[in-house]
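Dock chain B against the given chain A, drawing on the hints supplied.
Here the protein sequences come in this chain order: A and B. The numbering of the first sequence is the working numbering, which starts it at 1 and goes up by one. The numbering of the second sequence is the working numbering, which starts it at 1 and goes up by one.
Honestly, the hints are just simulated from the structure, not real lab data. Idealized CB from N, CA, C, for every residue including glycine. Treat the hints with care, as some may be off.
On the chain B side, residues computed to face chain A include the following (Cβ under 7 Å) [what the hints assert, rightly or not]: (1) His50; (2) Leu68; (3) Met70; (4) Pro72; (5) Asp73; (6) Gly79; (7) Met82; (8) Val90; (9) Pro91; (10) Ala96; (11) Ala102; (12) Lys106.
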Amino acid sequence: MSTAELLGKREYKYGFVTDIESDVIPRGLTEDTIRLISAKKDEPEWMLEFRLKAYRHWLTMTEPKHWPNLKYPDIDYQNIIYYSAPKQKPVKASLDEVDPELLRTFEKLGIPLQEQKQLAGVAVDAVFDSVSVATTYKEKLKKHGVIFCSFTEAIREYPDLVKKYLGSVVPTNDNFFAALNSAVFSDGSFVFIPKSVRCPMELSTYFRINNQESGQFERTLIVAEEGSHVSYLEGCTAPKFDRNQLHAAVVELIALDDAQIKYSTVQNWYAGDEEGRGGIYNFVTKRGKCQGRNSKISWTQVETGSAITWKYPSCILAGDNSIGEFYSVALTNHAQQADTGTKMIHLGKNTRSTIISKGIAAGKSNNSYRGLVKVMPKAENARNYTQCDSMLIGSQCGANTFPYIEVMNNSSSVEHEASTSKISEEQLFYLQQRGISQEDAVSLIINGFCKDVFLQLPMEFAVEATRLLGLKLEGSVG
Amino acid sequence: MLEIRNLHAAIDGNEILKGINLTVRKGEVHAIMGPNGSGKSTLAKVLAGHPQYEVTAGEVLYEGKNLLEMAPDERAREGVFMAFQYPIEVPGVSNAQFLRLAYNEKRKHHGEEELDPLEFKDLLKERAKVVEMDASFMSHSVNEGFSGGEKKRNEILQMAVLEPKLAVLDETDSGLDIDALRVVAGGVNQLLTPENAIIVVTHYQRLLNYIVPDYVHVLAGGRIAREGGKELALELEEKGYDWITSVDANKTGAGAPAN
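Pulled out of the complex, with its shape left as it was, chain A reads as follows (with noise of 0.2 Å):
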């Protein structure tokens, strides 16, 4: 069977609309853009100076259309919706006031807002458009002195530790697309680990994109006091459309002395069809900050959706002894392209980081990694170990990688591996010849190249992902 014939058979299953009213905003964006949305949310004037301060100043920002190694026609930002909000009561005080189609549509997309029926020990905060429409466990996390809420929800209860943290990761000024989000940010997800807790559940956040014309604008915000511990998830996901839609999420991290953060992401934005028509651009600023001593903070990430991704998930390692970890799996197939990487900035003594990139291209995708790794004079005895592994499938696509190393001191180390492989037909020869299916048997190599990625994801995430891989090769080979 040839390749389109083998992916015509598999279908974006989640590429479904959810036919539901909602509060939409006219397309465009001005001041009055941002007064409006932060009316919506009755937020306080502080929380609009801030909106107001990062739009301003991105209206003096350029787009950063040169340096990544993606092509995509401009966005005009004056036709897009900035805000789309189901209609339903704004507050919520128990799942049975939350509209039945949108439990319905999260139902279906396998994240059952019913805590009966959810994975124990994962919280869920379930963000449909522009709002979160529901965050479960809510109470029994609340016991344990953690705070997991949407971000409305934040600003309006917890405002010291909002004004406190926001923005002080990822500036408002920061970069181009963190501008936009800082202006226009509808919803998202808080996190507040207190002093030597260990957060008794994983916590997590399900994006949906639902409306054809809205962007989505997020912000998440974690943050872990000293001696904590949390693991905190993300998954994505939207509807088919031909056009293009934006999503430009900001999500920051702060560990304090001693704590830890394990951030995992599975993103299966819908990738655009075989053309290339159509899917998410997904341009998205993540960073953490180690700001104590002997804190730790990790990304895992696997990327397997979106037409464009632009994502540098990145570490400033600031406390001394603090350790930043990076485990990556980007997979781009058909005509998607990805430009993402990480990058580690050690400023305190004796840090350590950790880069594990897997690039797999397949179709007439570009994949390309781009890190950089950065050690300030008052750095001593830092070190970095960074491999980055490509793999191609067929002919027509592309991988590269940019690494960036600038170190300032003599004591530390800086290891940089690179490799690139091909899926032999050799490889796929012997594990056919011992009975295993050519679809099974590129799985089969994918996730072996994948193994030391996936050995750091939750396991029902682990699960999730290693099927998800297994659907988007299928048919890429032959």
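Okay, now just chain B, sitting in the frame of chain A:
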């Protein structure tokens, strides 16, 4: 079990097999011998369905079915096994994981229940004895970092797990020291039953001291030049392949022997 009739096969347009005829019945061991380049390995790969080889004429019946129409994985599930001359590495995939997948594919194909990892572990432990393989090899990536001898043992372990009806051993003796050769051959002998058959492809006679063939076929220039019992292998050992190829040349009247 296997009926090869006038098989011609080419790679990149060069004809390597030029009319092979061979019949293999249940319970038989056949040795395919011949000088380098005579088409021995090509025959093995064509039987297994290697995509680089093109069958240009002839037919192969396996259990009455047209083998050449089946995809390589289908042939495997139907019981055709090839032990590779150069076993392939699959990084990051454990031997146990790979073997269980292969084993279960075959069971599914035959409408049997799949084994879960624990059940399979027991089976694997039992079968590993056939080739005296240490349990630690099961958690290693397939063939990665294995020595030449370990790779060959691993091939026979796979054979032991998959229990093929027809096993084709492609130069399994190459690169083996005498101890490893004894273990590998001993493993193969344990797996031989009246219900299955083995084709041993080899350049040297020494493997046939351990795996004793019922028939020996000598390939030269893509054809079977000589056939006989196990004595033929000994004769070859003594006289070399030139003897056959020149006899063949005299017989057919052609000038140059096969390369």
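To test your reading of the hints: which numbers does this structure violate? 2, 3, 6, 10
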